[in-house]
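Each chain sits in its own coordinate frame; assemble them with the hints.
Residue numbers (this note's numbering), protein chains in the order written: chain A, 1 to 112; chain B, 1 to 590.
Think of the hints as simulated: they come from the structure by calculation, not from any bench.
One or more of the hints may lead you astray.
With a cut-off of at most 25 Å between alpha-carbon atoms, the simulated BS3-like pairs for lysine-lysine come out as follows [claimed, not checked]: (1) B:Lys244 <-> B:Lys229; (2) A:Lys94 <-> B:Lys220; (3) B:Lys373 <-> B:Lys465; (4) A:Lys94 <-> B:Lys229; (5) B:Lys26 <-> B:Lys509; (6) B:Lys384 <-> B:Lys364; (7) B:Lys373 <-> B:Lys266; (8) A:Lys80 <-> A:Lys94; (9) B:Lys244 <-> A:Lys94; (10) A:Lys94 <-> B:Lys364.
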Amino acid sequence: MACCLNHKMDTVNPRRARIRIYNKNGHFLPVIAGPFADAACNTKAMIETEFGLVDMCIICRASCPHKTFFFEPDTGIPLKCDFCGTPPNPTCVKVCNTGALELIEVSEDELF
Amino acid sequence: MDGWRGQLVRINLTKGSSKIEPISEKILKDYLGGRGLAVRIYTQEVDGDIDPLDKKNKVVIAAGGLCGTATPCASIASIVTKSPVTNTIVCGRMQGYFGTELKFCGLDAIVIEGKAEYPVVVFITDSSVSIRPALQYWGRTTKETQRLIKADLKDRWAARESFIACIGPAGEKGVSLATLVNEDYLVTGGVGIGRVLGAKNLKAIVVKGTQDVTVSNGQKCLQAIFSLKNRFNASPFTGEKLPKYGNAFLLDACLKRGVLPINNFKGIAKELNGIDENNIERITHRRACFSCPIGCVRTVREKDREIVGLDYETVASFGYLCGIDDLDDISEIRFLCTEFGLDILNTASSIACAMELYEEGALKDMELPFGSKNIISLLKQIGKNKGLGKEVGKGGSIFANSLNRSHIFMGVKGNAIPPFDPRGLWGLGLHMATSNFGAYHLNGLTVIEELFNIHEKVEPFLVEKKPEFVKKIQDMTASLDALGICINALFALKVNNILPIFDFVFGYKIDIEELLLVGERIWNLERLFNLKAGLCQSDDTLPKRLIEEPLNGYTCPLGEMLPIYYKERGWDKEGKPKKETLERLGLCKG
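Next up, chain B with everything else stripped away, as it sits in the complex (with noise of 0.2 Å):
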């Protein structure tokens, strides 16, 4: 099979066994492989009432359908299972190498079931499983980890080519906001992934793979590769501002905009306090994932310990909705969010509860008014699940929930709001209230359409057009994380760019209907899976702050646009799909 590999290796962790089985073409066909390919499973395998945290739940994990072909930006993995935090079925997005590394073992998925009885890391070597103890890593961060399992490791060059995904000590101690880490690079939108891997005792998964991706038609590939390239180096965002200054330099684009909030959403930034892509570009290196003809991701070098991943979120987040000014200390943050495995957004935004809640006098445990230095003690705190940090871990939800506070939390289904106010971007507050993984804004990211107008215009307060707008850009997204391609390849590439290269890797034409139908199905899907899980219309919503409280005179008109979209969708007054919808996606069973 060209472009995929047709199989994925089944590990069940109470047995300690591991089963390679076949993927039927016809479902890599319809799923392309990554998100589509890892929810389809996912969806089928378990039922949606399932507790995240019980040994019956699974967790997948699955390589783009491009990953491992050297199609530019094509790197990302995906790792879906349910949510303890959202209760929603939910997907991380696993940049760097570990994708392309699983292609090269023979294996489009991992399909991780069952709970071991003592703490275990999974060895993946071309097709070979080997289940071993880790009692000598459970407790370690995550960068010690993978340095001892790397020396451990008797062959050290075999050992330089292995890639780890692992948990830290958040996810072994059951803290609701850990994620995991592949190598450096923390999984962004999984909230909870870390507990639920926690709770099956599994610490790390290495894989290292020595065999070939094949593609159909290879010479042709490396011409499309080499026009792609440059595309990329034509644009003004991928060919500079990106390699600059990561995707910080969205910062002044949000100022400029109006939708840079500040202080847990009470406010949005009238300047920038120091935390500006020039102060970024100043302190840190450039680092890209696999065949990434952008690298925008920004590190820190400092002499003992690299800190991978000053980004947009992390400095938006800790920056401005903390209130932190100090570039130094939000990079000590991260680090601290790497080390622990804690998902970024949500922690920064469980710390913005907390602040708030300080500020109105309703906490008290510590002194946290916005911008405290305090942050870093809270922290440590909540990565080894004590005091204070106990409760802001259990996320910003439960813990605003706890204190009868429950308006104070800005997130929707249980996942927090990312940095960008949706009064001043009604596509991307509609987006977030529909959103199948809560509120989150990689699995659609309209922005890149409504501040910089890159392929359409859009008018940024036009109620009729919204909807069908956010359709189209979810369903590209979920095709694009299907197929395994960074999302910030969209800055320079329209999809219909890509679909040359299906032809020279897969062998097979296909055209934009189709790839968008691809999307769909897999947002269908996972809404189905979601219904299921007990969630039903009134959960597609914005916290009250942001449809009540106007800001520059604008609140996110939702109420209007939701009717419009679901109609959009093909799904009845409620929210659920109409069976005619399934019918044409595919999804009917029988």
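This is chain A alone, in the form it adopts within the complex (with noise of 0.2 Å):
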């Protein structure tokens, strides 16, 4: 909704949010909208945490034609995060209040 409302001007719709917050088990995971893939991938896999299988596909941040979401509700143009220009400043980090959100950078090395 912050993000909707920094974005496009004067504007509320959480459907033209960057970001969703998926719900399992009562743990929440924040997806961001990332890049726009043509076509959808066939990586039909479950991934499993701390809390249960989660299905990749729901959690993984390309927004594809098989996704609904991620898309502007009157044009179907795909959306993209952007953090709110740079540097990153995203406005969904400032308005959450619990700090549930949180800007982390990593570096590559650090993650494999």
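Written out as structure tokens, the structure reads:
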């Protein structure tokens, strides 16, 4: 909501937001809109987390034709999170009151 | 139009048709949306003397004016109809995401009229309405119904973003205490609405919207949101206590003040019986409604189910009024109430009545002393409308009357008194006696000032000042309900703090007097409807026990406060609004 208010002038619509929260057994996973992929992938993977199996497709960042969110509802243009400009200053993190959302920079070395 | 969407959908269940109608800007400015708009539409279209279960009765749901505009705490939608329990207008308070989703459908309100021949579900997607048969959901509990409806939607992402309000088996079977459930939240204050919807054969309403809500100045609005957020964080109540304990922190405050009633108002608690804020915090997690920075809803997460809303109303009414001293049992009770779709306060009060009747020896069907574990089987009977539950489920007032002990029912106009003792909280006593929905606290939460003196110092036992104070709180709450702002926001904010948002959202300025005038207009409109429904001055009363039996040396001096209150409101001695009052509020016909 804050996302939409910041990106599209004077408009509130959570369907335009470039972040979604996925609820799994009371654990909440944020998913931001990543780059658009023309074709849907065919890995129907389930990944195991500490709170159960999660469908990889749901928490995948890529927006693809298979997913119906991360598209502008009226025009169908794919949305993409730009971290609210450079340097990154995301509105969603600023507006989140509990501190549940955080912006963490991860270098590639740490990932693998 | 900025802020509002300016249209409503009228759904006729008899014909199976629907129609989009515009709402004029003047009505929206005069009533702001939410409770105001719903009451205005309902009272215009329905006669006061209608039978609530008749097919001519209507149900109006309206989203608060600020819902869906990212304003903190603005998520409340109101559902208004005439209740079969109280025979007055009642307004249910829908928390969660339903109201905002309605705004994203491009609608401010839904009007439901007529009666379907067979059970139906109404789907509202971006101003298009479809009415589908619901035989496969009929008889299911609320959670099961929602799961099945979502599973039947083909697109699973769309299903995740659809929000459902439905009735449980209690509403279908004609239990008077029935209310409805939206998502996992029980609708509070709407006793009997479930039965009205059940009589219309309407099982559920599903909303999903993708449209925009526009505001007049987005960037300024965002700044105002950030500054309000800081204000919420700085307050000891909304920044610390509410997120941590939910509103169960009131237990401790009520105990210290000596207003926490036990055993159907026969006495007050001297100490907490293990049901306290720390134990609640220990077993629960936090959850929030749409755009809420507080997040006061406490939920118990178990392996395969989630019990939402272990709040003060639940723990105090079942834990103290019925004497259940096990928090696990109370969680189970809350779960059953949500599954069947039963109003918490009234169910607790009816059961407390039954318990007192058992102790007096007037009730022999079930062993039911205060604190009895049999409460769970009684609750299941109420939900299924069987056995003793059939009698208790008619509502405390009718149940106690049927055994010739009407004085045992602790309620006003058929609606149960929430677990605060009016003998120590005179303002609340006056409010509950005069409230248009029967005794109910969330349409005039005087407790905030009377217990904590957050914004103004209130003398606890000063008769002269109370009526003015109560009137102000009632009007304020009515306008907040119309805006869709949760009453808990008042723990941190004065109403003045919300005014700047008006300019940024709706694009016009308003001052505090005008806002209170909107509240007063709503209040008088409800009063006029009730007078037409046959209520009179003698219904503005409290149960004998609270007026005649002293507690700590005090009773509630209602007889002294009531004439001053009527005068303050501009009503005559019989409690009817005077002509000049109606003219001042613009409520005169013609």
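So, going through the hints one by one against the coordinates:
1. Between Lys244 of chain B and Lys229 of chain B the CA atoms are separated by roughly 17 Å; this keeps the pair inside 25 Å, and the hint holds.
2. Restraint check: the Cα-Cα separation between Lys94 of chain A and Lys220 of chain B comes to about 15 Å, which is no more than 25 Å; the hinted pair holds.
3. Taken as a hint, the Lys373 of chain B and Lys465 of chain B pair is broken in the structure, with Cα atoms around 44 Å apart against an allowance of 25 Å.
4. The straight-line distance between the Cα atoms of Lys94 of chain A and Lys229 of chain B is roughly 10 Å, inside the 25 Å bound, and the hint therefore holds.
5. Of the supplied pair hints, the one linking Lys26 of chain B and Lys509 of chain B holds, its CA atoms being roughly 15 Å apart against a limit of 25 Å.
6. A threshold of 25 Å between alpha carbons decides the hint, and for Lys384 of chain B with Lys364 of chain B the separation of about 20 Å falls inside it, so the pair holds.
7. The straight-line distance between the Cα atoms of Lys373 of chain B and Lys266 of chain B is roughly 20 Å, inside the 25 Å bound, and the hint therefore holds.
8. Proximity of Lys80 of chain A to Lys94 of chain A is assessed by CA-CA distance (about 19 Å); at most 25 Å being required, the pair is judged to hold.
9. Between Lys244 of chain B and Lys94 of chain A the alpha-carbon distance is near 21 Å, which keeps this suggested pair within the 25 Å criterion.
10. Taken as a hint, the Lys94 of chain A and Lys364 of chain B pair is broken in the structure, with Cα atoms around 60 Å apart against an allowance of 25 Å.
Checked against the numbered hints above, the structure breaks hints 3, 10 and satisfies the rest.
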